[in-house]
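Produce the complete structure using the sequences and hints provided.
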Amino acid sequence: MKVLNLEHILTQNGFGFAYLSADLAVLSCNPLFRNFAARQGEVLAQPLPLLFPETFGLETVFEEIAAGTRPFFKLETLQRDLPDADECYIDIAVYPTSRAEAPLFCLIQNVTPKAQLTQQVYQQQNEIRLLESIVRAHQAHAALNIWGTSEPIRQIRQTIAKISRIPTATILLKGESGTGKSMVARIIHHAAMGKTAPFVEINCAAIPDTLLESELFGYEKGAFTNAVSSKTGLLEAADGGTLFLDEIGEMPHKLQAKLLSFLETRRFRRLGSTREQEVKIRLITATNRDLNLMVREGEFREDLFYRLNVVNIELPPLRQLGDDVLLIAGNLIQSFNINFQKRVQGFTPAARQKLRNHRWPGNVRELRNAIERAMIFVESDMIDAADLQLGSLQAQEPSASPLERFQLPPEGLSFDDIERKLLEEALALAEGNQSQAAKLLHLSRDTFRYRLEKFNLL
Amino acid sequence: MNTLQLHKKICLLGTFGVGKTSLVRRFVYDKYDDEYKSTIGAKVSQKRLVPLENSRKELIQFNFLVWDIEGVEKATPQVNHYLLGAHGFLLIGDLTREETIGALPAISEFARKIAPGAPLVLAGNKADLAPDGSHTAAVLAEVADRLSAPYLLTSAKDGRNVEDCFTQLGLLIAE
Numbered sequence: 001m002k003v004l005n006l007e008h009i010l011t012q013n014g015f016g017f018a019y020l021s022a023d024l025a026v027l028s029c030n031p032l033f034r035n036f037a038a039r040q041g042e043v044l045a046q047p048l049p050l051l052f053p054e055t056f057g058l059e060t061v062f063e064e065i066a067a068g069t070r071p072f073f074k075l076e077t078l079q080r081d082l083p084d085a086d087e088c089y090i091d092i093a094v095y096p097t098s099r100a101e102a103p104l105f106c107l108i109q110n111v112t113p114k115a116q117l118t119q120q121v122y123q124q125q126n127e128i129r130l131l132e133s134i135v136r137a138h139q140a141h142a143a144l145n146i147w148g149t150s151e152p153i154r155q156i157r158q159t160i161a162k163i164s165r166i167p168t169a170t171i172l173l174k175g176e177s178g179t180g181k182s183m184v185a186r187i188i189h190h191a192a193m194g195k196t197a198p199f200v201e202i203n204c205a206a207i208p209d210t211l212l213e214s215e216l217f218g219y220e221k222g223a224f225t226n227a228v229s230s231k232t233g234l235l236e237a238a239d240g241g242t243l244f245l246d247e248i249g250e251m252p253h254k255l256q257a258k259l260l261s262f263l264e265t266r267r268f269r270r271l272g273s274t275r276e277q278e279v280k281i282r283l284i285t286a287t288n289r290d291l292n293l294m295v296r297e298g299e300f301r302e303d304l305f306y307r308l309n310v311v312n313i314e315l316p317p318l319r320q321l322g323d324d325v326l327l328i329a330g331n332l333i334q335s336f337n338i339n340f341q342k343r344v345q346g347f348t349p350a351a352r353q354k355l356r357n358h359r360w361p362g363n364v365r366e367l368r369n370a371i372e373r374a375m376i377f378v379e380s381d382m383i384d385a386a387d388l389q390l391g392s393l394q395a396q397e398p399s400a401s402p403l404e405r406f407q408l409p410p411e412g413l414s415f416d417d418i419e420r421k422l423l424e425e426a427l428a429l430a431e432g433n434q435s436q437a438a439k440l441l442h443l444s445r446d447t448f449r450y451r452l453e454k455f456n457l458l
Numbered sequence: 459m460n461t462l463q464l465h466k467k468i469c470l471l472g473t474f475g476v477g478k479t480s481l482v483r484r485f486v487y488d489k490y491d492d493e494y495k496s497t498i499g500a501k502v503s504q505k506r507l508v509p510l511e512n513s514r515k516e517l518i519q520f521n522f523l524v525w526d527i528e529g530v531e532k533a534t535p536q537v538n539h540y541l542l543g544a545h546g547f548l549l550i551g552d553l554t555r556e557e558t559i560g561a562l563p564a565i566s567e568f569a570r571k572i573a574p575g576a577p578l579v580l581a582g583n584k585a586d587l588a589p590d591g592s593h594t595a596a597v598l599a600e601v602a603d604r605l606s607a608p609y610l611l612t613s614a615k616d617g618r619n620v621e622d623c624f625t626q627l628g629l630l631i632a633e
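So the protein sequences, as listed, match chains S and W. Residue numbering for the first sequence is 1 to 458, as defined by the working numbering. Residue numbering for the second sequence is 459 to 633, as defined by the working numbering.
Worth double-checking, as some hints may not be accurate.
Stated by the list, open to error - Only pairs whose alpha carbons sit at most 27 Å apart, straight line, appear in this in silico BS3-like list of lysine-lysine: (1) W:615 to S:342; (2) S:342 to W:489; (3) W:571 to W:489; (4) S:74 to W:532; (5) W:532 to S:114; (6) S:342 to W:495; (7) S:74 to W:495; (8) W:489 to W:615.
Stated by the list, open to error - Sample of chain S residues with no beta-carbon within 12 Å of chain W, all distances over it, derived: (9) 30; (10) 76; (11) 99; (12) 319; (13) 449; (14) 456.
In short, the hints are calculated from the structure, not lab data. Since the structure is predicted, the reported quantities are computational estimates derived from the model, not experimental observations. C-beta atoms are modelled at their ideal positions from N, C-alpha and C, and glycine is treated no differently.
What follows is the structure in structure tokens.
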């Protein structure tokens, strides 16, 4: 009677159970056991491992239980696919009995609610741990952040791996606008320096010539009219880390001499100071200009050029990277999926073809913008060719240059209006960078600025 | 020649987020889902391999009971119970996170304690995200050498070498 009561209680509380023979065949069971087994057909006389594959391989363990040398055995939180439940977790426990013909008792408990709660907690914890772990991995092997399998990309990765072991080597990054020079500078920094080492970046073209010197070297109070207090320069700020001078070709000649002096001695003085200071930094410089040519034309100091050009990394334009454009675009999708909480899977064949065919004058920056724009508006899980707006620079008539396509309308045009429009477009294309905008119009920076002033565009 | 039918218990082990569940899904159902869902406990799936021939020219067809076990870094009583009776282990690291590969020797140690004779195969997963010749692949090769186990670079996403991992394990068990 007691046994019957216990069985009743177990069934009432949602447990499945079965009595097993020494060779694990089911001798008797309650209906819930059949449900958990989720097996079509007869359950009785079937071996337990056939009904619950989770118990396969545990024959020795069950023998020990039947022999009384092991008190019981339990497998916890086993996920099962059941026909009438989305998700089910069970515990399977096997106990000895006092019945010779049925020495084992198998108990199945549905632990789904508890398991689901645990799963939610694990999910949150693991997502955070996963992100932290990814960040650690990226810091440790920063060169892996340069996506691509083409030969130029492989070589860049190899060079970075080598120079990361020499944290004082001076590096010159060359490449067209948008090829990722700033990103590569950061990657080199993270690959070589500790977590707390500073990375200080300045664009030599973005700061007026007169300010660049004080920004770099700092100044003492009273060094010049507006120096009401002392200021730490970027050289000092970068001590123990990396100083990245972007667009080094735009550095004024006078300042080039001062930078050269610093590179030779690793010492400098703040403006208005008599005290020399020493800093330990890695200097990375970048340019999209031909420094060799600038040296020949006297625009850039030859001695400084050789000082900067210790390790030279040429970043290839995107159009030379073949199918890497697809790989990079795919990785950008993953990245924007996270940012925009979308689940875009990839590109249609037509979109892939469009990506391959484009010339990418703006390089990775242009690609990134194109993918970001597509990701914002795409509604399907695949980006199609129509979703990719690849900019007006894509040649509609590849054979005709913009000049050839231009036609003076019969009613004529204001020359000033054209000049103003050209200046505005060049600035927009160069993202406000006056030196680059000047280059686009084949003008010197001074001439360009004079014309901006003429149209009140400064 | 008769084909020997054998059921074998295979356990997948590795730290969290290396793609154990994705590998099982690819191997058993030939499916892949980008979404990360953390596994708790364990889930057993079954898959019959194509018949393999061992060095004694015996033809064996394995029915693998594949245990997808939650991410582990050290032995726990619960995980030890899962491993009892295992015939082979697939140890998985994530090629984009070196630390997951560094954790494999400790994992192999407790797995071998529970099932001493069971062979190991190492898988460097997420090969689609790691450039060829990446540093982590070299680390995996070093770990595999230290554990005297074969290794493969896999991708549950594009399916590369997933089937081969299990076949490799089957061949080792068949010997």
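We went through each hint and held it up to the structure:
no. : hint           : result
1   : W:615 to S:342 : holds, 18 Å
2   : S:342 to W:489 : holds, 20 Å
3   : W:571 to W:489 : violated, 33 Å
4   : S:74 to W:532  : holds, 19 Å
5   : W:532 to S:114 : holds, 23 Å
6   : S:342 to W:495 : holds, 16 Å
7   : S:74 to W:495  : holds, 25 Å
8   : W:489 to W:615 : holds, 9 Å
9   : 30             : holds, 23 Å
10  : 76             : violated, 5 Å
11  : 99             : holds, 25 Å
12  : 319            : holds, 20 Å
13  : 449            : holds, 44 Å
14  : 456            : holds, 50 Å
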